[in-house]
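Heads up: the sequence lines are chains A and B, in that order.
Heads up: the first sequence is residues 1075 to 1188, going by the working numbering.
Heads up: the second sequence is residues 146 to 257, going by the working numbering.
Hints are computed from structural coordinates only; laboratory data are not their basis.
There may be inaccurate statements among the hints.
Facing chain A, a subset of chain B residues (Cβ under 8 Å, in silico) [said to hold, decoys possible]: (1) Ser194; (2) Leu245; (3) Phe247.
Mimicking EDC-like on lysine to aspartate or glutamate, the simulated pairs with C-alpha atoms at most 16 Å apart in a straight line are [claimed, not checked]: (4) Lys1116/A x Glu148/B; (5) Lys1152/A x Glu1142/A; (6) Lys147/B x Glu1142/A; (7) Lys147/B x Glu1118/A; (8) Lys212/B x Glu148/B; (9) Lys1152/A x Glu1171/A; (10) Lys212/B x Asp172/B; (11) Lys187/B x Glu1077/A; (12) Lys1116/A x Glu150/B; (13) Lys1152/A x Asp1137/A; (14) Lys1116/A x Glu1159/A; (15) Lys187/B x Asp228/B; (16) Lys1152/A x Glu1092/A; (17) Lys147/B x Asp172/B; (18) Lys1157/A x Asp1137/A; (19) Lys212/B x Asp200/B; (20) Lys1116/A x Glu190/B.
If you're wondering where the values come from, they're calculated on a predicted model, not measured in any experiment.
C-beta atoms are modelled at their ideal positions from N, C-alpha and C, and glycine is treated no differently.
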Amino acid sequence: EPEVTQTPSHQVTQMGQEVILRCVPISNHLYFYWYRQILGQKVEFLVSFYNNEISEKSEIFDDQFSVERPDGSNFTLKIRSTKLEDSAMYFCASSEELLQETQYFGPGTRLLVL
Amino acid sequence: QKEVEQNSGPLSVPEGAIASLNCTYSDRVSQSFFWYRQYSGKSPELIMSIYSNGDKEDGRFTAQLNKASQYVSLLIRDSQPSDSATYLCAVRISGGYNKLIFGAGTRLAVHP
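Can you make the complete structure from the sequences, with help from the hints?
The structure is reproduced here in structure tokens:
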């Protein structure tokens, strides 16, 4: 069964460093998303991406964040200068269609900013 | 602010019983509703989706949607210890391109 994959599973970084989180969505999916979950809190939407551009982003997704689909399979989230409060689990998701779609989540990357 | 509310639990049920999980949402014109299961430290795993008023059954799971009351529920029949997890209600809101708004989740504990 096809699944969303994410690398790395864990990332530890120093405050102010750049990190890139990688995702490989399900191959025939067209819509891609990043969510995050701070420990003990809700899953929060960050950004959606379609046709090589951002279709929607949340207030959390400020200028420190960017997304890219550098090739036909990868989808990346970059945090330019990490802050302590960026420590969270980051989930990539993908869906095949827009309406009445199901978003399938990857296993997540646990980011710890020291 | 469009919200999704769930009772945080824990909801404790004996093995074999029916577990009933509830969710309310504030955006009256929301169209798509999802239940995800999340084990500790893991990612959300889709259990069911529901789009129309009424019941939708899949194995031991039944989702119920009442748009007039802005209420969606999940019933788990014959609960098993392996069902012990946090159950997340997610709503695709109107006016959002495709984002899901999640509730905080209800922790379910099924004891033998």
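inquiry  = Hint by hint, where does the structure go against what was stated? Just the numbers, ascending.
reply    = 6 and 9
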